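Here's the letter readout for the chains.
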Amino acid sequence: MKAIFKREFKSYFTSPMGFIIIAIMTFFLSQIFANLFNVNYGNIAYAFVYMNTYAMLIAPIITMKLFSEEKRQKSDQLLFTSPVKIWKIVAGKFLAAFCLFMLGYSITIVFNIIFALVTDVNWLLYLSCVLGAALVGASIISIGVFISSTTESQIISAVFSMIVSLFLLMIDYFSNIFNNAVVTGVCNFVSFTSRFNSFASGIIDFSNIIFFLSVTALFLFLTTRSIERKRWA
Amino acid sequence: MVEVQNLYKRYGNHTAVKNVSFSIKEGEVVGFLGPNGAGKSTIMNILTGYLSLTSGNASIAGYNVLEYPEEAKSHIGYLPEQPPLYVDMTVREYLEFCFDLKKAQFQKAPHINEICRLVNIQNVENRLIKNLSKGYRQRVGIAQALIGNPDVLILDEPTVGLDPKQIIEIRNLIEKLGKHHTIILSSHILSEIQAVCKRIIIINNGEIVADDTAENLSDKMSSDHALTVRIQAPEETALKVLKNIKGVSDITSLGVIEPGSFDCIIEPFEGEDVRRAIFERLAERKWPILTMTSNKLTLEQIFLRLTEGVKVDSADGETEKENEHPKPKAKKEINMQNRKAAHKAVFGDTEENEETENKKSKTKQTKTEKREEEK
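So the protein sequences, as listed, match chains W and V. So for the first sequence, my numbering puts the first residue at 519; every next one is plus one. So for the second sequence, my numbering puts the first residue at 1030; every next one is plus one.
Errors might be hidden in some of the hints.
Covered, in the sense of this in silico footprint (three residues per stretch, anywhere, with C-beta under 8 Å from a C-beta of chain W), are these stretches of chain V [claimed, not checked]: (1) 1126-1135; (2) 1217-1230.
The following label-pair restraints were derived from C-beta to C-beta distances [to be verified]: (3) V:1192 - W:749: 30 to 38 Å; (4) W:541 - V:1055: 20 to 28 Å; (5) V:1043 - W:538: 39 to 47 Å.
It should be emphasised that the hints constitute simulated quantities derived from the structure, not laboratory data. This structure is a prediction, so every number in the text was calculated from the model and none was measured. Note that the Cβ used here is the ideal one computed from N, Cα and C, for glycine as well.
Let the hints inform the model, and build the full structure from the sequences given.
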């Protein structure tokens, strides 16, 4: 698992991919930060709320190559014929993508320090935001990992993951459109944004934590099953 | 070391591997031979745990590949058809990654250095795999398989894409490795297998059609040493005379190849040696024998015969699935046209097979010796 994590994480930075991801995330965060700073909100949580939308669309780019590229280059034969359990391979890859994702958020520490210089900063709120972003990230990345394991093409993998992300982002609108108790209930349950927003407002709700962790675990499990299934096909 | 019993692999309706069983002892070097798409790679992928099996059993070093995949895999070094390389890494990084991945129980740096020296890639150690030529990539693939010094090496077409010099190097390497490892390698190139493997398993359409040493295969398949004889005599009468010899089951004339003589193939009954009888009978009539060759087949001919023979079988109806060694059947299937063609290739052309020539001259020698004795 460690070896795979190491290789995978390193490979983000031997190609332009890792730098591009971090650059894009830093760009969006900086823009949001600049706006916040101008209107003098002084609250980093808003940066996370806005960033969450972008992040959910960026995550598919991080995950698109994880398994699809291996399959295309047939290097998966090395992984799956070495004495390593499949879930460890999946976990290694997931962690690498997750770490890159969180690295993209790292600039917020700088912003928060800048805020701290001019105004009072609630560091606990910041931590709550980071926790929320991490949980959303983990969920969306695990979905991306799963989709990547089902196809040989990076593009298909990225497009499908983005569609899922868009769907998850739009689900809040669905609940407004359909005036139906069941639909609204389901939408509210699935909605990543509303759950994330509760973190951003400083409320750490265990049901939310468990929801995101379950989604992550579910899709990582599905990934191992999808790889296993191919062996049996 | 490697045990496979009644292995089946189905993809939907297509059966890629049918009832394959074999067992490989420690230290054996075994060659899988078969045309493209015969199922060699599938069997290898199953052994290495990349694919699962539909039914049957496979075990490596006593560990069932389904029940104890990790233990089984830790005994295997595998070079797939396409070396599983990460092109964005340097050779050294890649090998270090493989070392970590396989949790090899060695000192990392010396172990990798040793392997690099063995497959002769020290000079490219720090280059990106992306920029390596096919030959070097193949060698890096072999290096990867050697990491952790596994007991069983499974090499899928290890010399594909290499130049002749590299092929010889790899061959020597495999021979060297064969002293301490159990090796399974596949190829559709016969000379390759013949050069390195003592035992050959011929696979066609997912079935084992032969499993023996190269010599035995050649012996068994030579249809009881049919003889090709060139006789200076009137063809029709001579054929009649030959047919009357005790022990001769069939004679086929091949027509005139050398002016003034004719060639024919004499098939004796099983276990009969008719060479002396032929000589004596022809000597009575003062018909000289110009050549007499035992039709020991080259591996190539055996291969073609086996793979073609089986195809005919399965077209007839899949009645004899359990027929692991369809040799007697294949024997009957041997069609004379094939043989004629082979014969012409040997005798009619100038490019004569070295082996056959050797044998020819040997038989000639023995013949002349015998003749002298007779006198």
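Holds or violated: 30 to 38 Å for the Cβ distance of residue 1192 of chain V and residue 749 of chain W? 35 Å, holds
Test coverage of the region 1217-1230 of chain V by chain W using CB-CB distances below 8 Å; three residues minimum. With 0 residues close enough to chain W, the hint is violated.
Is 20 to 28 Å respected by the C-beta to C-beta distance linking residue 541 of chain W and residue 1055 of chain V? 55 Å, violated
Between residue 1043 of chain V and residue 538 of chain W, does the beta-carbon spacing fit 39 to 47 Å? 43 Å, holds
Check whether three or more residues of the region 1126-1135 of chain V sit with their beta carbon closer than 8 Å to a beta carbon of chain W. Contact hint for the region 1126-1135 of chain V vs chain W: holds, 6 residues under 8 Å.
Of the hints listed earlier, those the structure fails to meet are numbers 2, 4, in rising order.
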